Every structure is written in C-alpha cells, then in structure tokens.
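A.B. asks: Keeping their order, the protein sequence lines are chains A and B. Going by my numbering, the letters in the first sequence line up with residues 1 to 304, in that order. Going by my numbering, the letters in the second sequence line up with residues 1 to 427, in that order.
FYI, nobody ran anything at the bench for these hints, they're computed from the structure. Worth double-checking, as some hints may not be accurate.
What the hints assert, rightly or not - Label-pair restraints from in silico Cβ distances:
#, chain 1, residue 1, chain 2, residue 2, range
1, B, D236, A, I293, 51 to 59 Å
2, B, K184, A, L82, 36 to 44 Å
3, B, W422, A, V23, 36 to 44 Å
4, A, G49, B, D284, 39 to 47 Å
Unchecked claim - Residues of chain B clear of chain A, computed beta-carbon distances all greater than 10 Å:
#, residue
5, K58
6, I60
7, I70
8, P118
9, K426
Note that the coordinates shown come from a computational prediction; the quantities given were computed from them, not determined experimentally. Yeah, the Cβ is synthetic: ideal placement off N, Cα and C, and Gly gets one too.
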Amino acid sequence: MAAKNKNASRYLIHLFPLPALAVYVLFMIIPVFTALGYSLFDWHGMVRGDFIGLKNFVTLFTDPQLSGLFKNAIGHNVIYFLVSLVVQNAAAFYLAYLIYRKYRGAEWFKVIFFVPRLLSLIVVGFLWNLILNPNFGAFNALLRTIGLEEWALPWLGQTSTALYAIILVNAWYMIGFGILIYLAGLQAIPQDILEAAELDGCIGFEQIRKIILPLLMPSITIMTILTFIYSFEAFDLIFAMEGSEGGPYYSTDTLATLFYRLSFAKDGASSAIGLGSALAVVMFVIIASVSAISLYLMTKRSNA
Amino acid sequence: MKNSSKLMAASLAVAMTVAGIAGCSSKDAGTNAGGEKKENVKLTMTSWRVEDTKQYEKIIEEFKKANPGIDIEFKAQKATEYDTILDTALKGGQAADIIQLRPYSGATKIADAGYLEPLDSLKGISNIDASYYEAAKGSDGKIYGIPLSTNTTQIYYNKKLFEKAGVSVPKTWDELVQVAKTLKEKKITPFALGAKDGWILSLTHATIGPDVYGGKDFVQKVLKGETNFKDAKFVDSIKRFNDLTPYFPENFTGLSATDGQALFFTEQAAMYIGGSFDLQPIRDKNKNLDFDFFPCPPASSGGKGTITTWVDGSFGVNKNSKHKAEAMKFMEFMTTKEFGQLFADNLGRVSAVKGVTPKDPMVKKMAEYSETIGTPYMILIHFAQGNPSTKKTLENELQGMFLKQATPEQVAQKVQESANSWFKPKK
Numbered sequence: 001m002a003a004k005n006k007n008a009s010r011y012l013i014h015l016f017p018l019p020a021l022a023v024y025v026l027f028m029i030i031p032v033f034t035a036l037g038y039s040l041f042d043w044h045g046m047v048r049g050d051f052i053g054l055k056n057f058v059t060l061f062t063d064p065q066l067s068g069l070f071k072n073a074i075g076h077n078v079i080y081f082l083v084s085l086v087v088q089n090a091a092a093f094y095l096a097y098l099i100y101r102k103y104r105g106a107e108w109f110k111v112i113f114f115v116p117r118l119l120s121l122i123v124v125g126f127l128w129n130l131i132l133n134p135n136f137g138a139f140n141a142l143l144r145t146i147g148l149e150e151w152a153l154p155w156l157g158q159t160s161t162a163l164y165a166i167i168l169v170n171a172w173y174m175i176g177f178g179i180l181i182y183l184a185g186l187q188a189i190p191q192d193i194l195e196a197a198e199l200d201g202c203i204g205f206e207q208i209r210k211i212i213l214p215l216l217m218p219s220i221t222i223m224t225i226l227t228f229i230y231s232f233e234a235f236d237l238i239f240a241m242e243g244s245e246g247g248p249y250y251s252t253d254t255l256a257t258l259f260y261r262l263s264f265a266k267d268g269a270s271s272a273i274g275l276g277s278a279l280a281v282v283m284f285v286i287i288a289s290v291s292a293i294s295l296y297l298m299t300k301r302s303n304a
Numbered sequence: 001m002k003n004s005s006k007l008m009a010a011s012l013a014v015a016m017t018v019a020g021i022a023g024c025s026s027k028d029a030g031t032n033a034g035g036e037k038k039e040n041v042k043l044t045m046t047s048w049r050v051e052d053t054k055q056y057e058k059i060i061e062e063f064k065k066a067n068p069g070i071d072i073e074f075k076a077q078k079a080t081e082y083d084t085i086l087d088t089a090l091k092g093g094q095a096a097d098i099i100q101l102r103p104y105s106g107a108t109k110i111a112d113a114g115y116l117e118p119l120d121s122l123k124g125i126s127n128i129d130a131s132y133y134e135a136a137k138g139s140d141g142k143i144y145g146i147p148l149s150t151n152t153t154q155i156y157y158n159k160k161l162f163e164k165a166g167v168s169v170p171k172t173w174d175e176l177v178q179v180a181k182t183l184k185e186k187k188i189t190p191f192a193l194g195a196k197d198g199w200i201l202s203l204t205h206a207t208i209g210p211d212v213y214g215g216k217d218f219v220q221k222v223l224k225g226e227t228n229f230k231d232a233k234f235v236d237s238i239k240r241f242n243d244l245t246p247y248f249p250e251n252f253t254g255l256s257a258t259d260g261q262a263l264f265f266t267e268q269a270a271m272y273i274g275g276s277f278d279l280q281p282i283r284d285k286n287k288n289l290d291f292d293f294f295p296c297p298p299a300s301s302g303g304k305g306t307i308t309t310w311v312d313g314s315f316g317v318n319k320n321s322k323h324k325a326e327a328m329k330f331m332e333f334m335t336t337k338e339f340g341q342l343f344a345d346n347l348g349r350v351s352a353v354k355g356v357t358p359k360d361p362m363v364k365k366m367a368e369y370s371e372t373i374g375t376p377y378m379i380l381i382h383f384a385q386g387n388p389s390t391k392k393t394l395e396n397e398l399q400g401m402f403l404k405q406a407t408p409e410q411v412a413q414k415v416q417e418s419a420n421s422w423f424k425p426k427k
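Using the sequences plus the hints, can you model the full thing?
C.D. replies: So this is what it looks like as structure tokens:
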C-alpha cells in the first residue's frame, strides 16, 4: 500500500510544474513566435497587410534613419553591459568577500546592500530622478555643500553623463543580488582547501587570485550571463528616468526603448508593428545566441 | 498520511482555481443583466481625459434630460495608455460605443482601419466650422468625429514679477528679448522651460517660430512642395529659439517639462510658453498666482503677432456599436450651442461650436486671438508621421541643439530627411 502511494506521488510530482509551464509558454514562448510572424507582414497601423518576407528586417538595417538609431542603440547596450559587468561584478565580489571574511557588522551589511532590490525598478527610477535633479536634487545639493560647485551638473540632462548615471543607479539596485550569488559561491568553497593554501603560505590577494576566483567560476559565469541578458533588455530604468525617447538626444536609447517607440509610437506616428517585431526578433536572436555560446564555453572551461 | 495530505492540498488548489474562475464569470453575467434594462439603453464612452470625468458626467446629465432613456457611462483611461487600450479593444470588438479620437493622423488611422461610422450626414454638422473637421477625417475625406475644441499656445507671464522687474508686456520680439534681459539682471529666471521632455520643445518652437517663417502661408507652401524645412526662414525660426538659451533656467536640459512648469507656478520664473490646457493645472497648483498671457509678439511693430492653434480630440461612433442610433443622438447633441457652452464653462476650454462665448476671461481672449491671429501648429498637424515621426525628430534634434551637438542648420536638415522618408507634397 505504502509503496503504491509513493509511486503515485512520484508521478504526481511531474504535474506540479504544469501551471508554471503553462504561464511560461503563454507569455514567453508563444509571443516569440507571434513576433516572428508579425515581423514578416506589412502593417497599416494596427491592421495586418500583405506578407512581405524579410522586408522589415531589410528596412531596419538599411533605412538611413532607422539603421543609425539601431547602431546607436546597440552601442549603448554594449556600454551598458561592459560597465555593468565591471562595476557590478567587481564591487559585488569585493563586498561579498568582506562579508564572507566576517568583518564587523557583516550580517547588517548583507541586509543593507540587498534592500534596494526590494523596491520596484520604476520606484528606484523616480527616486533617483529626484535625487539627481540638477537644481533641487539631493546629489547636487551635497556637491555644493562640500564645495564642489562646478561638479553640480545636470547628470541626466547631458549626453556625456546620462547613460553612465543610469548604469550606476542600476548597479546600486542590482548589487545586493550579485553579493548573494558570490557569497553563496564563497560559502560553497571547502574550508580545507583554504586552510591548506594558508599553510602553504598562499594568503590575501594571491589566495583570491589563485584559489577563490577559479573556484568561483560557476558564480562568475552565471552573473556574467545574467548581466548580459539584463543589459540587452535594459528598458524600465531608462523609461523611468529618461522616457521612451532615450533622451537627451538619444544618448540613453537602447534596443528596448527603440523597440517600444517603433511598436507603440505615440503622438499619432504610424506605429510600425512589423518593424517593431523585427527588432524584437533581432534582440531575441542576439540575447539567446550570445547567452548560449558563452554558457557553453564557460561551462566547458570550468569542467576542464 | 503525508502523501495523502499533499494530494488533498493539490486537489484543493485545483478546486479553488476552478471556483475562482466560475465566480468571476457569474459576477460578470450579473452586471450585464443589471445594465441592460428593457427600455433604457446604456452607452459607453471612452476618453483619455481622466481629469475631466466629473465635468463630462455633468454634461451627460444635461444630455439625459433632453434624451430620456439613454444613459451614458463615461470611462476614461490614462492618457499615455489610452491608445494601446483602445487599439486592443477595437481589435477584440470590445470598444465603447462612443470613442474619443486623437486629432489628425490619430483619427485617420482608426477611421482607415474601418472601425468608425461616417458622420457627414449628421444633423447639425454645420454648426462647427469646416476647418475643425480636418482633424477628424479619414483618408477618404469623410468626417468621422465631432471635434471638441481648439488648443492654443501662448506666452504666460507672472504679473507680480513683471511689476517687480519694472517691465511691461512686450509689443515686438526685440522688446520681449529686452524684457528677458532685464528679468535676468534682476535675478529672475525669464522663461520656465525644462528641455528633458521633447514635446515641450516642439510646442515652444511652434509658439515663437511661425512669426519668423511666416505662419499659414509657409505651411501651405511646404504642403504643396514649393519649399521645405531647409528654407532659410525655417532655419531662422530655429535660430530664434536657440538665441533664447541664456534666458532659460540653469541646467534646463536636465529639467523635465513639469519641473519647468513648476518654476512658473512657484513664481521662480516670470514667463512660461505653454498650451491652453496648462491654464487650469497652473491655477490648481497655485491659486494665488496672478498671471495672464500674451501671444508671440511680431518681429516689427507693424506686425500682428501669432497664436498657435490646433484642433484637439473629437468623439466618434464605433461602427460595431449595438446602439448606433442612440450614439448618433449624442453626436447631434455635441454640435449644439448648449453643449458648446457646457463644455467651455465646465472644462475651461475654447469650444469648437460656432457662437459660443466662454465665461472665463482668459479662455475668451484665447478664443478671440485664435480667430484673428491663429496660425497652425504645423509639425503636430501635418508632420506627426513616419518612423520615427518628423515631429519626434524635430524634438530630439532641438534637444541636441541645446546640448551643443547640432546647429540650427543641422536640425532643419534632419527634419527634412525625416519628412522625405514619408511625406509627399500635394501638387
């Protein structure tokens, strides 16, 4: 009796992912194929026209205005990724290491660093918009009080700083997550290895470089890929802080904001569902292929 | 024991979900049955003016008095989400009976998709000037919406700050620049402007530009293809905007449009170039603000100056509505002077209906100016198309100009390139 029951529940277990799987298929898999379908048609506003094959893709890459915007946007995605990768990962690792080494108040800091992650990204955006307001924001007020008057710039209102300001705000938001990942990775390193290294005189930075970092490769891999995916989908924070135009003067425009404008253009512009879908497909291809390749290469290396 | 409780939990969860779905649907059925009484017809009406809901309900009350048996439910959605919601509703056949239409290409887009009922033969259609219907036509030239009002843009000014600085309302453009200079010397920000949002830049340019490029005549020439945006006069209009840079707030490229408006109603800046739709919000934010407006002054003292106008949204009838006849009744009502007066007085706007005099003195003055020295908001009326739209291109390029990354000539060049990608002159 008991054995039969056990068998039944073993099969039952397979049913539990079904609700999640249904949601995943409905909101993730189906839209990918719908977008692919949409991108092959001509659209008149919201009415579907004729089948036009790859013409939307050709327009996206060759139209002088669109291809310029596309290149500009993808360049910002790359900067977003590289800067996030360096700032977020280096800082997250450093902080995780300090917590791991149990510096005074480590547990407190773990909580404090994670707190921003609990806020909605839109809330974070509006909050930092207020902090970075050039004339009555807290950040410039601070700069003025400590005598750095000439540094009190319109951080979000000039092309040279706007993108970096947003990336740093994003890093502030995301760092708690990185710390958790690295801390978990550090705690998984067997103590005896570290003790053996210490006996051999391998301590401090040398220990980090030669023992801890190689053993952390799985965490670094997953963080790198997550950062990549996130950077190439960057939208919400930019939308909250600079609007859908990716302003000022396209300086924070990314593929996702460009997609949003193309598909759901406002102010009576012809919303080009076909072009937008084509861009969405391009984004999907970039993100999926780069993630897959890097995952393959990095797991292969860590297995070797 | 443990296993059976798991099973039970799972089946309970399933049962609850089913019950939940069933519960929802039965509730829906209930409201439907309640709403559709035999003698009464209940129409639905959508709009993006959430802030005007109470005023519209008042107007609908008046309509019900004259048309017993017809009830209208006014349902507004957030302006920024309205278009997407409406698109989806129209596609799914769930749209309201009476639909608010964005002016110009917004209305054309929906009419061309075949979702609207033509209104050309409606009784009372001639109570509104024919020029208004340009904002509510399909590509087939038929009328699909009853327009509500004219918007105007003008220069608001703070009377107290003008007095404090010892300046008066300028009669020419040079005097305006002089006023700005004096204000700046007195440590008062002359113009409240936040350039982080593009739309306020095209609006400001449309306010101060027409006097330079020659208003209506220039627009006609552009539409006929006799000239284009690279015209020296158009470039000069952009230069005029650029030359005002010293009189904008500190760090204005980092301020949002609302930050800009805030500088005006908190009395930190003396002038604000804005739309007629800003009037009520400014009053609401600072009840004690003593302000008025003037049109863009002419370049020379002989000129008349300009006030920029465009037709705002309209209401149309859903082609697939079950109660078209009743919806048409409301369309008829919208063309009456009674409606025009109710609209003007309740919403503080200029009505589209002929012969309506608004009670509010400032609104009245806007209506008069738009009759005498009105000039069309060219970019919004004729160039809000393309991917990206020519209007958005102008806005972004102006932003680039204030960030010192584009010259006025380059702005004009980019705008023309965008227009070239879709615009065909009417020969």
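A.B. asks: Look at each hint and say if it fits the structure.
C.D. replies: Checked hints:
no., hint, result
1, B:D236 / A:I293: 51 to 59 Å, "holds (54 Å)"
2, B:K184 / A:L82: 36 to 44 Å, "holds (43 Å)"
3, B:W422 / A:V23: 36 to 44 Å, "holds (40 Å)"
4, A:G49 / B:D284: 39 to 47 Å, "holds (45 Å)"
5, K58, "holds (29 Å)"
6, I60, "holds (27 Å)"
7, I70, "holds (30 Å)"
8, P118, "holds (18 Å)"
9, K426, "holds (18 Å)"
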